[in-house]
Structures are given as C-alpha cells and as structure tokens.
Amino acid sequence: MIGLIVQNAWTQLRRDRAAQLLAFVVPIAFFSIFAIIFGGGGTRMNGTSRVAVAVVDEDGSEKSRALVEALKGDSALRVVTTRAVRSGESAAREPLTRATAEQMVKNGEVPAALVLPAGVGASIGSFNTAGAKALVLHDPSDPVAGRTVGGLLQRAALRAAAAGGGFFGVQARDADEMMPLRFEQRAVLGEKRDSPMVAFYAASIAVMFIMFSAAGAGGALIEETESGTLERVLTSGLGMTGLLLGKWIYLTTLACVQVAVMFVWGMLVFKLPLLQHLAGFIVMTVCTSAAAAAFGLVLATLSRTRQQLAGLANLIVLSLNALGGSMFPRFMMSDALQRVSLIGFNAWALDGYLKVFWREAPLSALGPQVAAILGFTVLFLVLARRLARRWEAA
Amino acid sequence: MAVLEIRDARKSFGTTLALDGLSLALGEGELLGLLGPNGAGKTTLIRAIAGRVRLNGGTISLYGHTLEPEKPRRDLGVVPQENALYPLLSARENLETFGKLNGIDGKHLRERIAWALEWSGLADRATSLVRTFSGGMKRRLNLACGVLHEPKLVLLDEPTVGVDPQSRESIYDMLGALRARGTSLLLTTHYLEEAEARCERIVIIDHGRAVAAGTLVELVEQAGLSGRRVRLSLDRAAAKAPTGFALGDDAGTLTATITDVVHELPGLLARVQAEGLAVRDLEVRTASLQAVFLKLTGKELRE
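Taken in sequence, the protein lines are chains Z and U. For the first sequence, my numbering begins at 1 and goes up steadily by one. For the second sequence, my numbering begins at 1 and goes up steadily by one.
For the record, the hints were derived by calculation from the structure and aren't laboratory data. Since we're looking at a predicted model, the values are computed, not measured. Built from N, CA and C at the ideal position, the CB exists for glycine as well. Among the hints, a few may not be true.
Simulated restraints, written as ranges between beta carbons of each label pair [what the hints assert, rightly or not]: (1) Z/Ala23 with U/Tyr63: 30 to 38 Å; (2) Z/Arg386 with U/Ala123: 18 to 26 Å; (3) U/Gly58 with Z/Leu238: 24 to 32 Å; (4) U/Lys295 with Z/Val6: 28 to 36 Å; (5) U/Arg280 with Z/Thr305: 52 to 60 Å; (6) U/Tyr63 with Z/Val25: 50 to 58 Å; (7) U/Asp8 with Z/Phe30: 54 to 62 Å; (8) U/Val217 with Z/Glu392: 51 to 59 Å; (9) U/Ala278 with Z/Met1: 27 to 35 Å; (10) U/Asp164 with Z/Ala220: 25 to 33 Å; (11) U/Gly162 with Z/Val378: 38 to 46 Å; (12) U/Glu118 with Z/Phe30: 52 to 60 Å.
Reference excerpt, derived from the structure (chain U facing chain Z, CB under 10 Å, subset only) [what the hints assert, rightly or not]: (13) Arg54; (14) Arg73; (15) Gly103; (16) Arg198.
For reference, chain U alone in the conformation it holds in the complex (with noise of 0.2 Å):
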C-alpha cells in the first residue's frame, strides 16, 4: 500500500489555478523529490497535504485513509521551509514545545529530545538561545522539531535552501538516517544535483499537474532525451557542422547524441577530422535532470 496516494488534486485561488488535477504516490521509506518551476504548486500541494489548504477538488489519502483538512495528523511530519522556530527559547524548549503540540509528553517526550539533538548535533547546544545559531544550526533544529513525534511521512520544503555544502550534507545524513528507520520523505527542492543525487524518484511539476515521474533514468526517457551526449571543444571556428553534429553557438564546440557510445564515437571523431578541425576537449554524459527539466516544463530551474 502506498503510504501516500494523491489523486487528481485541484486547488484554485481566485482565478489562479494552483494544482489541476494533480496525482502522485509514495512507497514505504521512499524518498521523492518534488520539482517545478517557482508557481508550479509545490508549496500548495505541501500545504494541502499538512491540512494547510482546502483542496476544491480530489483526495488525499495517508495509509489509504483520506485526510481532512485542519484535522491533526500524528502520521505526519512538517518542516517548513522558514526556519520556524521560537528565537528567545533553546533547542531543548523549542524541542519540547513543538513535541507535546504534536501529542507527546512525559518520558517519551524526554526521550525523544535526547534523540532529536543527538540527531542533530545539537546536544552540546540543547541550552542555548536559537537566536544565538548559525543558519545550519537552525536548519538542523528546524528539521528535528518535524520529526520528533516519530511521524511516518516527512514533508520537507527547500530543506537545505540557503546552507553552506557542510551542513547540507549533514542534512541528508540526517535524513539518510530516518529513512532507515522505514520513515519516508517527500521534499521539494531547488537543487537539481541534489535531487538527481539523493532522490530514489522524482516528479516534475508544472502547472498544477505531474509533468512526469519515476527515476532519473526513466524521466530522461520520458523526455525523449535517452542516449548520450557528446560535444567536443575545437581548436578553432568550423565553417559548418560535419555530418551527424550541431554546430555550437560559438561555432567552436560540436555536439551529437549517440546510443552506442564504442560503436558510434569512433566515426563522429573520423568526420571531424576529414573536415581538417582537431579536438582539443571531448565530454560524453547522459543527460541531465537539468536538462530533463528543461524539455518538459521549458524553463530553467532557477533557485
């Protein structure tokens, strides 16, 4: 059973159509990325799914029961993407005030806010004012105040969005960590290399609906975009393209697509060459999510 099923979601503000029949699924420890240009409805199908927004149309279901808005869900967790957390307490009372809010208390509570700041590297700091952290520090804090009642889905919007490398890595350990426990994420994110690293799935979306979904191989095929790149740096300006190639914008770079990369490429670098041009530079990849991306929405995923 999927943890997480949302079926043909639709949400209107005004004349603003913000989710148009959107539908997606999550498995059990599953970690899916959610990927859209900015108004695309990321944040309004986050806030649908926390009870946030009324939704006009469609169902949303957690373990195959439909959730209502406005009514609480202990099987949730939510980490906003603002670091939302009360500045004049420590890691410990804002630990402690947003785990009996979500229904926990006593031994447990204690606990789990031993955990959570072990977790988050914050023991040494439990006492401490938030006010007195680093943007990190506050990240990590705000992602353990989310997921201190133990939820069995996590939302996470723009988890790591302005922290340096350091702490966005000890951001997926610590969410590398909860995935082992079974917990399963679903996190929107204006990072492609993260999302193309660290997500088992992912789906685009645009205009309130799910543009495409699955892993990164199987959106590149989606997009029709399978096979290899290949583009080659010149030691000066061609006249035209060999055959089989784009002539870059520069008219010093050459690019191909190619399927197989032993058979094919060997012929590509033999036309270059009975056009008098050396090679200075050769890349083969696979394409990206970036350029996935841009194929299926038309836009460039800007942060």
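One chain only, chain Z, in its complex shape (with noise of 0.2 Å):
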C-alpha cells in the first residue's frame, strides 16, 4: 500500500510539467544565478574587476608621481586623475582637486578616493611617524574599497620608494613605522548618522518586498478566474483594459502604503532619516511601486494557477534582487554584471533610494532612474495587458 502512494505521487509528478519545472529547474536556475553573482565570476574580490580609485597628488613631487605610477600599474586597481568638463563645444579633461574627488566618491562615481597632499612624497619610505600622511575617502556602503585602497597603497609605497633609493638602514619601533606610507581614512557619507547602513539596507528589502508583495497580490486576479468573478465582470461594462488599470492603481497604492509603514518604523525604531529625505523617498515610492505592481500583474496574467505564480514569483523575485544588489551591493559585482543587472527595475529603484538616502542627492538627479522606472512600467503594463487576452472573448 506505501508503495502505491509513492508510486502514485511520481505519477502524477511525471504529468504535471509546471510542478516538474518547480522541481528541477527552479533549484537550477537559482544555483547558477546566485553562483554567477557570488560565486566565481561575479564579484570583484575574484580579480576580475578593479577597484576604482580617484588619486589627488597635491604633491607632485618625483616620490608622489612615482607613487600614482605605481598605483596605476596596480592590476587589481582602476586609477582615474583627471575627469571630464564640458567646455564650450568640445569636452576636455582636467585633473582631479582634493573636492571634486570627494564629490565623485559621494557621487557613487568611485567607491574610495586617495589624496597625497603636499610633502607626502618625502614621508613615502622615511618611516618618520610625523611626516605628512595620505588620505583615503570612502564610501562606507563599500566596506571592501576603502580597505583594498589602503592595502594597495602600501604595496605601491614600497615600489616607489625602492625605486628612489629606499629606506634601508631604518630601526623600526613599531607596527606603524613599517608602513612604508601611512594613511589615514574618512568616510565622505553617513557621518552624520547614528546609524548610517539602515538608509541603505531600508532601500533594498523595501524594493525586493514590494516586488514579492506585489506579485502575491496580483493573485488575486488567478482567484477572480477560478471563482469566476472574472467572467462576470467582463460580462459587464468594464472591459479587460479597465480591469487591468483598477487592479494596477490598487496594487500600486497597496506598494506605497506597505514601504511608508516599513519606512517610518525605520525611521522610528532605527532613526532612519525618513523626514529630511521625504520629497525624493515619495518619489521614489510611487514610481518603484507603480513598477512593481505592473511587474505583479505581468506574472499574474502568465500564471495559470495560483502554485504557478508562487514558482513564478520566488524565481523571478529572488533572482532580479540578487542581480540588482538587495542581497549584495551591485559595486561589489564586476563591471560586466553591474551593467547585465540594469535589466530589471530593482536594479534602478535601488539606485535611486541609495542616492536619495545615502547620497543625498538632489531630486533632479533622480531623472535617469525615474525615467527608466517608469518605461518599465509601461513595458509591464503593455506586457499584462497582452498576456490577459487570454481570458477575452474566444
């Protein structure tokens, strides 16, 4: 008899395709996806990806060159000295100030920033504890930059300083006097903050959250189907089209309400800056939202049954938010996947709230990603509306 029940539940097993899907593919798809995004080829501490730095030499001694020369022939470092202006007609290039190196790592354009100020060049190799030191800006939602700028530095201290004939004869006295450059480092965001990476971990579990809440509740829509209440509504006045736009304007309502509660106990309990930051957050909200009730719609009109959308939904859900950085930053990702992960909204949604929250941006640099977002939800809707032509008229 125990026999015939299992014998039973691989048959039916062997005719239920969405379940066989569920079963072997799903557990595939999310071990290469996270296996690509965390595994090997993914992230940058494989080597594969630079860390980018922007070097200041307010120096400009023969030492402090030799040293930017160093840095630059760094493999595991991307050096920038000069950025781009706009001049008239033409654009040029101008090298970096000790500011607008601070503002690129604010900018989110680099994740950590070096300084030489002037008589550096004569502390690299001296071992003199009272000489000038180097500074490192950084970004502190990058905990990795900062410390690989620091590490590095030292290594290219050393080649410039064997270059220039070195620190031989020197008794050290401690740890510190070994380094061959020593530094210090100052985080150029959140410092102000009492607990600066709950702005930055609020952005991503509000947006994965919406997105599965969203995709939940677009379920309602298979429930109208299989009840029938769908047919007759149709049967009514109100066309397809009208059906559509009703549930989207509720989900997309729904989505707001839930990350404005999520966010005012964050602001409440974890003193998330929620109040200096409400005119970007809101509109960052109602775009996200208006996006990830589209994005549910999409997976409800693909969906047959209800354990369909669920399959759908964890798939999809989990898989967009590991590529768009809710479980791990995006500038952790190498280059290549950086730019792969801009496919899904998320991806930009999380931008955004990082730049309102973190980077304190102004409003109008949320254009690019409130652009995008809001195509996307076109997109979506588009998508919804052709997929629901399934249950029009035959």
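Hints are included, so try docking the two chains, each in its own frame, into the full complex.
Given below as structure tokens:
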C-alpha cells in the first residue's frame, strides 16, 4: 500500500510539467544565478574586476608621481586622475582636486579616493611618524574598497620607495613605522548619521519586499478566474483594460502604503532620516510601487494557477534582487554584471533610493532612475494587457 | 417580436465543433429550458449570448438588434453556474459592486439593493460576509447579482445545481417573481424533472444543434413517443410476452404503448390473464422528458 502511494505521487509528478519545472529547473536556475553573482565570475573580489580609485596628487613631487604610477600599474586598481569637463562645444579633461574627488565618491562614481597632500613624497619610505599622511576618502556602503585602496597603497609605496633609493638601515620601533606610507581614512558619506547603514539596507529590503508583495497580490486575478467573478466582471461594461488598470492602481497604492509603513518604522526605531529626504522618498516610492504593481500583473497574467505564480515569483523576484543589489551590493559586482543587472527595474529603484538616502542627491539627480522605472512600468502594463487576452472573448 | 433570436450560430474551438448551426427563439416573459448532454454546446451558447465567445458564423439578436462580442449588454443579465461572488465582501457590498459594474448608481442602486435583498430572502444577512453563507444563500445572492440591473432577459446556467430541495424551491419562487414582471428567462439544467415542471418550452441540443424544441407534449410527439406507456408487474416470470407486450429484462414485467386507455387497456389485461399470469401492479403514464431525451440524443442525462 505504501508503495502504491509512492508510485501514485511519482505518476502525478510525471504528468505535471509545472511541478517538474519547480522541482528540477528552478533549483538549477537559482544555483546558476547565485553562483554567477556570489561565486566565480560575478564579484570583483576574485580579481576579475578592479577597484576604481580617484587619485589626487597635491604634492607633485618625484616620489608622489612615482607612487601614482605604481598605483596605476597595480592590476587590482583602476586609477582615475582626471575628469571630463564641458567647455563650449568640446569636451576636455581636467586633473582631479580634493573637492572633485570627494564629490565623485559622494556621487557613487568611485567607491574611494586617495589624496596625496603636499609633503607626502618625503614621507614615502622614510618611516617618519611625524611626516605627511595620505588620505583615503571612502564610501562606507562599500566596506571593501577603502581597505583595499589602503592596502594596495602600501604596496605601491614600497615600489616607489625602492625605485627612489629606499629605506635601508632604518630601525623600526613599532608596526606603524613599518608602513612605508602612513594614511588615514575618512568616510565621506553617512558620517553624520547615528546608524548610517540602516538607510542603505532599508531601500534594499523595501524594493525586494514590494516585488514579492505585488506578485502575491496580483494572484487575486487568478482567484477571480477560478471563482468566476472575472467572467462576471467582463460580462458587464468594464473591459479587460479597465479591469487591469483598476488592479494596477490598487496594487500601486498598496505597495506605497507598505513601503511607507516600513520606512516610518525605520525612522521611529532605527533613526532612519525619512523626514529629511521626504520628497525623494515619495518620488522613488511612487515610481517603484507603480513598476512593482505592473510587474505583479505580468506574473499573474502569465500564470495559470496560484502554484505557478508562487514558483514564478520566487524564481524571478529572488533572481532579480540578487542581481539588482538587494542581497549583495551592486558596486561589489563586476562591471559586466553591474551592467547586466540594469535589466531589472529593481536595480534602478535601488540606485534611486540610495541617491536619496545615502548620497543625499537633489531630486533632479533622480531623472535617469525615474525615467527607467516608468519605462519599465509602461512595458509591464503593455505586456500584462497582451497576456490577459486569453481571458477575453474566444 | 422575439426577445432573443439565435440564427445559425456556429463556433469551433480548434477542431472541436461546439455550435453547428444552432437556431432558437425566446418570447417575451417566457421561461425556456436548454437541455443537452455534457459537451452539447450549452455553455458555449450561453457565453456567446453574454458576449464572451465570438461566433464563427450566424447572429444573435436581442429585441431585433444584433449583439456584438464584448459590447455591454444592459438588457441582459447573466447568472453563472459558479457562485461568482467576492467572499470577503458582504451581501450588500457584492450587490453594490455588480450593480455599479452594470451601470446603476445612487438612489436607484440603493432601491435595487433593498429589493434584491428582500427578493432573495437575505435582508437580515445584508452585512454578513459571503464566506459565512450556506450554499443555498450563495446561490440566491448569485442570482440577485445577475438581475439587479433589471435586465429584460436573464441567462441562468444551472441555477439550482448543488442546492437542497428547499433552496431549489425558493430559487424557482424567485424566478417566478421575475417572470411576473415580464422578464424572459433562458436556463440550462441537468434536472429533467425541473425542466419538465418549470419550463414552458424546452430546446434539446446535441452536437451543437437544436434537435428538438417545443412544449413537453410537442417534444413527445417529435420523438415519436406519443401515447401512454403501460407497465405491468407480474407475480412470477413470464415465459413469453403476450401479444401487444414487450417482456421486461427480468421477465417479471411487461410493457406496452397504447393511445386510448379506456378502450385498449381492458383488452391488454385480458390477454395477460389468458396466459395464466397474475398482475401485481399496474402503471400508466405519458412518455417522460427522460424518454424523449434518450430517444433524441441517444444519451442519458446525468448530473
């Protein structure tokens, strides 16, 4: 009898393609996606991608120039010393200053900047604790970049010192003196906050949460099909377009309220600076909710049953969020993967929230993110409408 | 003028022919029953009238106006076989929703909801959530949602399926009240007794065509089953059937068809006696809809 139960279950599984997909294909897809992002080819920790660092040489000495050259020659770093400026019709490049380098870190263009102040050349390889120190400016949302730059700076300084006659015969008294170039680190973002990382993770969780939530709520459409209310509604004067728009507006407002509740909780309990960034928060939340709602409708119109919807939502939402930076910051990924991740609206949404809460960017800076997210929204709505044709008159 | 007129309706789904030149007409205030075995095309026809199926050929007219698919049909009410209701809304909220979707609002809607709650016997449960309702209550509300906007024609797809006899009776009372107001009704049912007892006319459809239409008497004639069926139960098995009888399967019953009970029945009984058989029980009746249905479609109609 027990054997019969086992046989029966296997027979049913063999005849249910959706269940087979969930049982065998989804785990493989998950494994592959996560392996790419967190494993071999996706992150820059494995050496396939270099840490970008803005370098400002205020000293201009022979040794400091040698240091910059040594840094440029390091395969783990991508050294940026100039930036583009527009003068009239033509584009030109100008050397970075301490202020422009700091702004690049704040804008998220590079995760760290290295400033070599005047007199630092004399300090390289001198083991003089009273000498000038290098300054590493970093974005604390990228915990690796600042330390990587600091470490690689030592290697470059050793090379620069060796090339210039070196530091032989020096008696080191402590570990600090063994450093060929001492440096200090300063976070250029989040330094005024009590718990700066909360703002970073609140956005990550909010975006992933409303994607799951919209996918689940979109399942109401499937329930209406099963209960017959969809048929009844379509028999009335309301067409499929009207029905989908109604559902979309509901899902959008629901997602807005959910995110607002989450951020208010974050403000009250974790000191999330919501009120200081209210306008940006509203813009990003409305846009992201609209896209998530339309995305939920696509999944609902694509699925025939609740079970299919659940499987599809798990696969797509988790994959997009792994790729889009909710689980693992995008800036830690390789450049190629960072570009690929922009196929998901959630990556744009996360960038937008980070601009608001982390980089304290003005509203006007949200233009690219808002445009991309609204573009995704229109695309999803059109797709959902096309998929919903199966419910129209046959 | 006919309220509803269907002419030569044709519809295929892939290689399956669902409607094959079906025609029928429904008069003002009439209750027309649509009977057919599973897969005969009943639901396709109902969905085509409701605008949810596009015909490949033929026309459907309501009061002389040809209906287009997916266009609003204000004169039409549809009561689906499933209880198409929102379980987490109350009876009143469900009525409000479907009333507004069908174009009524404001004071008129409030008046209609009050009428519908009274009509369906749910006035005391107006604010209760539908998920707490019994099957019969849901059926009645399902019906009320379909007629709230005062349609002139109501399509009912198996309106009494799965409900107890008492609820079934109250549903037919509700339908009677609608007819008294002049509403025309077209219903599909699996219950032959219901169709026989409640419908003025019956259309039997099979393989997407109307194979017979008319009152029960007309259908009996069309099926060639006119006359009275005589069934005798014997006290023992008969070796052979007397002249004019057919022997039943168990040889303990005899059946015959006669047209004049008074003049033919005594002769039949005399022949039975002459064979030395005794009659234990006697039944005389007209051909049932069941027999007509079986004769015309070659199939039993089961739920």
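List of violated hint numbers, smallest to largest: 1, 2, 4, 8, 9 and 16
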